[in-house]
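**Q** Model the full structure from these sequences, guided by the hints.
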Amino acid sequence: MENKALYVLAGYDSQTEEYLSGIQEKLYAQGFSGVHTKGIPMHMTLGSLPTDMEEKLKKLVTSTAESTAPFDVTFNHVGIFGGANVLFTAPDVNHDVLALKEKFGDSKNWTAHTTFLIDSPEVIYKALHAVMQEFKAFGGKVISLHMYEFFPTRHILTVGLKAIRGGQD
Numbered sequence: 155m156e157n158k159a160l161y162v163l164a165g166y167d168s169q170t171e172e173y174l175s176g177i178q179e180k181l182y183a184q185g186f187s188g189v190h191t192k193g194i195p196m197h198m199t200l201g202s203l204p205t206d207m208e209e210k211l212k213k214l215v216t217s218t219a220e221s222t223a224p225f226d227v228t229f230n231h232v233g234i235f236g237g238a239n240v241l242f243t244a245p246d247v248n249h250d251v252l253a254l255k256e257k258f259g260d261s262k263n264w265t266a267h268t269t270f271l272i273d274s275p276e277v278i279y280k281a282l283h284a285v286m287q288e289f290k291a292f293g294g295k296v297i298s299l300h301m302y303e304f305f306p307t308r309h310i311l312t313v314g315l316k317a318i319r320g321g322q323d
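Taking my numbering, I'd label the letters of the sequence shown as residues 155 to 323.
Read the hints as simulated data drawn from the structure, not as lab findings.
Honestly, I wouldn't trust all of these hints.
[Claimed, not checked] Straight line, CA to CA, 27 Å or less: simulated DSSO-like cross-link-like pairs of lysine-lysine:
#1 K257 to K192
#2 K210 to K262
#3 K255 to K280
#4 K255 to K212
#5 K316 to K212
#6 K212 to K192
#7 K290 to K257
#8 K180 to K213
#9 K257 to K316
#10 K255 to K192
#11 K212 to K158
#12 K295 to K192
#13 K180 to K295
#14 K210 to K180
#15 K212 to K262
#16 K180 to K280
#17 K257 to K158
#18 K316 to K210
#19 K295 to K316
#20 K210 to K280
#21 K180 to K158
#22 K255 to K158
#23 K295 to K213
#24 K316 to K255
#25 K213 to K280
#26 K158 to K262
#27 K255 to K213
#28 K212 to K295
#29 K255 to K210
#30 K213 to K158
#31 K280 to K290
[Unchecked claim] Each pair of labels, with its calculated beta carbon distance range:
#32 Q169 to I194: 11 to 21 Å
#33 T265 to M207: 20 to 30 Å
#34 K212 to P275: 32 to 42 Å
#35 H231 to Q169: 34 to 44 Å
#36 I272 to G176: 27 to 37 Å
#37 E208 to A238: 29 to 39 Å
#38 S217 to G185: 35 to 45 Å
#39 H231 to D260: 16 to 26 Å
#40 E209 to G185: 22 to 32 Å
Note that CB positions come from ideal geometry on N, CA and C, so glycine has one too.
**A** Right under this line is the structure:
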């Protein structure tokens with residue numbers, strides 16, 4: 155299938171996952187369903203490659219996880235991308251976020267974000283109000299890398315970030 159691609163996603167600790175997915179679940183409970191991929195962890199997309207690069211990307215994901223320590227992220231805001239089709243929260247960009255992103259592609263014109271909903275502008279504007287009723291600034295942690303193939307969805311790999319801060323092993 156021509157539109158298939160491999161994606162690397164930064165995954166969160168259980169508390170961050172619970173908080174973000176809880177907001178998304180409340181949207182679903184209010185009738186917002188969206189057209190985004192469901193049944194995958196909340197995440198930041200770090201990059202994509204063609205499907206013929208699967209073995210190379212598996213090695214890169216694994217080696218990156220081995221050399222990267224879990225790190226903190228702070229979520230302070232909710233946003234809507236141009237075109238008003240995507241409602242998201244975005245972590246404050248820090249050195250750790252950018253360094254991880256750069257392992258999987260250039261960060262120029264990239265916005266670190268976690269999607270709550272993809273839909274028409276009319277639906278996104280209504281959902282924004284619902285999200286803002288729930289959202290409060292909070293701190294989370296990036297602890298893993300996921301590798302998926304889309305579409306259809308195929309989970310390939312999840313690897314925990316393992317390096318210890320300060321270069322200790």
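**Q** Now tell me if each hint is right for this structure.
**A** So, going through the hints one by one against the coordinates:
Annotation: proposed proximity of K257 to K192 holds, straight-line Cα distance about 26 Å (limit 27 Å). A C-alpha spacing of about 23 Å is found between K210 and K262, which places the hinted pair at or below 27 Å, so the restraint holds. This hinted pair does not check out: K255 and K280 have alpha carbons roughly 31 Å apart, beyond 27 Å. At roughly 16 Å between alpha-carbon atoms, K255 and K212 fall within 27 Å of each other, so this suggested pair holds.
A hinted pair counts as satisfied when its Cα atoms are at most 27 Å apart, and K316 with K212 qualifies at roughly 16 Å. Taking the CA atoms of K212 and K192, the gap is about 23 Å. The hint holds against a cut of 27 Å. Using a Cα cut-off of 27 Å, the hinted pair K290 and K257 is violated, with the two alpha carbons roughly 30 Å apart. A distance of roughly 37 Å separates the Cα atoms of K180 and K213; the hinted pair therefore is violated under the 27 Å criterion.
This hinted pair checks out: K257 and K316 have alpha carbons roughly 16 Å apart, not beyond 27 Å. Between the alpha carbons of K255 and K192 the distance comes to roughly 23 Å, so the proposed pair stays at or under 27 Å and holds. With a C-alpha separation of about 16 Å, the suggested pairing of K212 with K158 holds against the 27 Å cut-off. For the given pair, K295 sits about 21 Å from K192 by alpha-carbon distance, which is consistent with the 27 Å threshold.
For the hint pairing K180 with K295, the CA-to-CA distance comes to about 22 Å; that is within 27 Å, so the pair holds. Of the supplied pair hints, the one linking K210 and K180 is violated, its CA atoms being roughly 38 Å apart against a limit of 27 Å. Our distance criterion of 27 Å between C-alpha atoms is met by K212 and K262, whose separation comes to about 24 Å. In summary, the hint linking K180 to K280 is supported, as the alpha carbons are separated by about 13 Å, within the 27 Å threshold.
A hinted pair counts as satisfied when its Cα atoms are at most 27 Å apart, and K257 with K158 qualifies at roughly 21 Å. At most 27 Å may separate the alpha-carbon atoms for a hinted pair to count; K316 and K210 meet this at roughly 20 Å. Between K295 and K316 the alpha-carbon distance is near 13 Å, which keeps this suggested pair within the 27 Å criterion. Between the alpha carbons of K210 and K280 the distance comes to roughly 42 Å, so the proposed pair goes past 27 Å and is violated.
Taken as a hint, the K180 and K158 pair is broken in the structure, with Cα atoms around 30 Å apart against an allowance of 27 Å. Distance hint between K255 and K158 is fulfilled; the C-alpha atoms sit about 21 Å from each other, no more than 27 Å. This hinted pair checks out: K295 and K213 have alpha carbons roughly 23 Å apart, not beyond 27 Å. Distance check on the hinted pair: K316 and K255 sit about 17 Å apart at the alpha-carbon level, within 27 Å; holds.
For the given pair, K213 sits about 42 Å from K280 by alpha-carbon distance, which is inconsistent with the 27 Å threshold. With a CA separation close to 23 Å, the supplied pair K158 and K262 stays within the 27 Å bound. Taking the CA atoms of K255 and K213, the gap is near 16 Å; set against the 27 Å cutoff, the hint holds. Straight-line distance between C-alpha atoms of K212 and K295 comes to about 22 Å, which keeps the hinted pair within the 27 Å bound.
Among the hinted pairs, K255 with K210 is consistent with the structure: their alpha-carbon atoms are about 17 Å apart, no more than 27 Å. Restraint check for K213 and K158: the C-alpha separation of about 20 Å stays at or below 27 Å, so the hint holds. Proximity of K280 to K290 is assessed by CA-CA distance (about 18 Å); at most 27 Å being required, the pair is judged to hold. A beta carbon spacing of about 18 Å between Q169 and I194 agrees with the range 11 to 21 Å that was offered as a hint.
Under the hint 20 to 30 Å, the C-beta atoms of T265 and M207, about 24 Å apart, fit the expected range. Between K212 and P275 the CB atoms are about 38 Å apart, so this pair conforms to the stated range of 32 to 42 Å. A hinted range of 34 to 44 Å for the beta carbons of H231 and Q169 is inconsistent with their spacing of about 19 Å. Taken as a hint, the range 27 to 37 Å is violated for the pair I272 and G176, whose Cβ atoms sit roughly 19 Å apart.
Hint check: E208 to A238, Cβ distance near 34 Å, so the stated range 29 to 39 Å holds. Between S217 and G185 the Cβ separation comes to about 43 Å, which falls inside the hinted range of 35 to 45 Å. The hint said 16 to 26 Å for the Cβ distance between H231 and D260, and at roughly 24 Å that hint holds. Evaluation of the 22 to 32 Å hint for E209 and G185 yields a failure: the beta carbon distance comes to about 42 Å.
Hint compliance for this structure: hints 3, 7, 8, 14, 20, 21, 25, 35, 36, 40 are not met, and every other hint is.
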